[in-house]
Amino acid sequence: MINFRGVSKIFYPERTIALANVTFDVAPGEFVSIVGKSGTGKTTLVKILTAETRATEGQVTVGGWDITRIRHREIPYLRRQIGVVFQDFKLLPKKTVLENVAFALQVIGARPSRIRRIVPEVLKIVGLEDKLDRFPIHLSGGEQQRVAIARALAHGPKILVADEPTGNLDAMTSQEIIALLLKINQIGTTVLLVSHDQSLVNHIRRRVIVLDDGKIVSDQAVGRYRLE
Amino acid sequence: MIIVTLYRIVRFAWQGFWRNFWLSVATVSIIVLASLTVNTLLALNVVADSAVKSLQQKIDISIYFDPGADEATVLEVQDYLAKLSQVASVRYISPAVALQELRLRHSDDAMILQALEDLGENPLGATLIVTAHQPEDYPEIAKILDRSPYKGLVTEENFSTHRATIDEIIAIASRVNRTGLAISLFFVVIAILIAFNTIRVTIYTHREEIAIMKLVGASNAIITAPFVVEGVLYALIASVITAVVTLIGINGIQPQLQNFFTGTPLNLAQYFTENFFTIFGLQLVGITLLNVVASTIAIRRYLKV
Ligand SMILES: Nc1ncnc2c1ncn2[C@@H]1O[C@H](COP(=O)(O)OP(=O)(O)OP(=O)(O)O)[C@@H](O)[C@H]1O
Ligand SMILES: [Mg+2]
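So the protein lines, in turn, are chains D and C.
For reference, each letter of the first sequence is one residue, going 23 to 250 in the numbering used here.
For reference, each letter of the second sequence is one residue, going 43 to 347 in the numbering used here.
Hints in this document: simulated from the structure, not taken from any laboratory.
Glycine is no exception: its CB is placed at the ideal position from the N, C-alpha and C atoms.
Among these hints, one or two may not hold up.
[Stated by the list, open to error] List time: in silico BS3-like cross-link candidates among lysine-lysine, alpha-carbon distance up to 30 Å: (1) 193/C x 125/C; (2) 180/D x 346/C; (3) 69/D x 346/C; (4) 100/C x 185/C; (5) 346/C x 193/C; (6) 193/C x 237/D; (7) 346/C x 59/D; (8) 116/D x 346/C; (9) 112/D x 100/C; (10) 237/D x 117/D; (11) 125/C x 117/D.
[What the hints assert, rightly or not] What the simulated footprint calls covered on chain D by chain C, stretch by stretch (three residues with Cβ under 8 Å from a Cβ of chain C suffice, anywhere in the stretch; the number is not a length): (12) 98-108; (13) 131-138; (14) 219-231.
All chains, please: the whole structure from these sequences, using the hints.
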């Protein structure tokens, strides 16, 4: 589903090496946590995956599609196959829960009938079916992140990428979000979770890739994450 | 599907317009003010032009013939001059009429009347009054006359005495035109800069929305379209307001202006009505283009990611 082959990313002009010769594969349906200290290139890896930035070296394929040198006008099609969630939920404050999710479908030209069908569906998956008309400021952080996840799921992506989704949430709420991600994974979506929360990742008991200084230092099927 | 997409684009644009109501008002106002300045200068130009024209119409040159020259020859000269492409009209004044006009002009000057009476016979020759199409044509007409075989019959032509006035009028006319153009350009440039900046601010206020659209895989065309439509909306509103204010203003000041131009009709309102589609159509097209280009350029930096 996702293949990184010797991927390096160097930021000029400082020549910061964000990723150094990173190679890994993610199979369809996997749940992979990517962990590491701050500044080790986790977000850079996510950005290469969503074509927000390009690898300096190496090859990246998503679902068999080589996106290493993806064309600008093809990027939207890539992003419709990858749902992304961030630490700051990136919701539109002037739109309700329902409108925030529907917006994602409207702007990619979905039919109204499809929007009417899918929006309640994904909001049900994240457990917000009774808060459709709330505005983001009237939701807790965890609920806001659920809306963001619902929006990421709206166009039926094969992959869900979450970059520090629990970074702004307390431990209890973080657990709930992880549980939700596991549930989404169970439905069949490949999930890539980026985090530096040791205990959170260790509880998942799934594959863990550890990055340090832009290099993969460990990749274990049922991994535990240790910060040395 | 296309209709749904179009509907969404227009609705986003419409929402954008109303959600940032005061910003929209500011954008429209700036564009209207700039367009009104341009129209005011255009009106000034029209006024100056008709002032110059009315003065030009008052210019003519008189060619005085020797009292001995017979009528047939003078009429021949009239014919000759009338055929020149520069000449608009040639009026023949017979010696008798010339004398009558002289008497009339000096009807309260007993001495002159008496002198004419004493003279017994008509001392005046025939006169041809020549009007050219353009004031610039007078020197040429004078030259042609000078080179013609009729030169000997002419006792006097007052071209040279008019020359200074004519040159002055030509100079004023072109100065008015040039100054008007320069000031218009100046304001158009300022308007473009301000409108451009306002549109940048408008798009800046939408940066989160744009980022999310990019994130969920909206195409650049779909992201840009509402802003372009919003720009067209600004252009439409601004153009209509400009047209209405211009026409009301022109019709309002026309009577006052007319008082200055006693005698010659000033067709300012007529000018704007006759050229309505040219003036306001061009403005609409210009403003629309400006807004579309400005939106497209301003949004580019947000589309890069
Ligand atoms: N646009 C950029 N220009 C220059 N350097 C950058 C840029 N983006 C990231 N970097 C550098 O690349 C390195 C990796 O950054 P990255 O954001 O991927 O780290 P991270 O693992 O996500 O960290 P965190 O856990 O704090 O989010 C850092 O040293 C960072 O300073
Ligand atoms: Mg990061």
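Evaluated hints:
1. 193/C x 125/C: Given pair residue 193/C, residue 125/C holds - Cα atoms ~17 Å apart, limit 30 Å.
2. 180/D x 346/C: Roughly 24 Å between the alpha carbons, so the hint for residue 180/D and residue 346/C holds.
3. 69/D x 346/C: 13 Å, holds
4. 100/C x 185/C: 21 Å, holds
5. 346/C x 193/C: 80 Å, violated
6. 193/C x 237/D: Given pair residue 193/C, residue 237/D is violated - Cα atoms ~104 Å apart, limit 30 Å.
7. 346/C x 59/D: Holds - the C-alpha atoms of residue 59/D and residue 346/C are around 29 Å apart, at most 30 Å.
8. 116/D x 346/C: Cα-Cα ~25 Å, so holds.
9. 112/D x 100/C: The given pair, whose Cα atoms are some 74 Å apart, is violated under the 30 Å limit.
10. 237/D x 117/D: 41 Å, violated
11. 125/C x 117/D: Between residue 125/C and residue 117/D the Cα gap is close to 79 Å, so the pair fails against 30 Å, i.e. violated.
12. 98-108: holds (count 6)
13. 131-138: Coverage by chain C holds for the segment 131-138 of chain D (3 residues, Cβ < 8 Å).
14. 219-231: Coverage by chain C is violated for the segment 219-231 of chain D (0 residues, Cβ < 8 Å).
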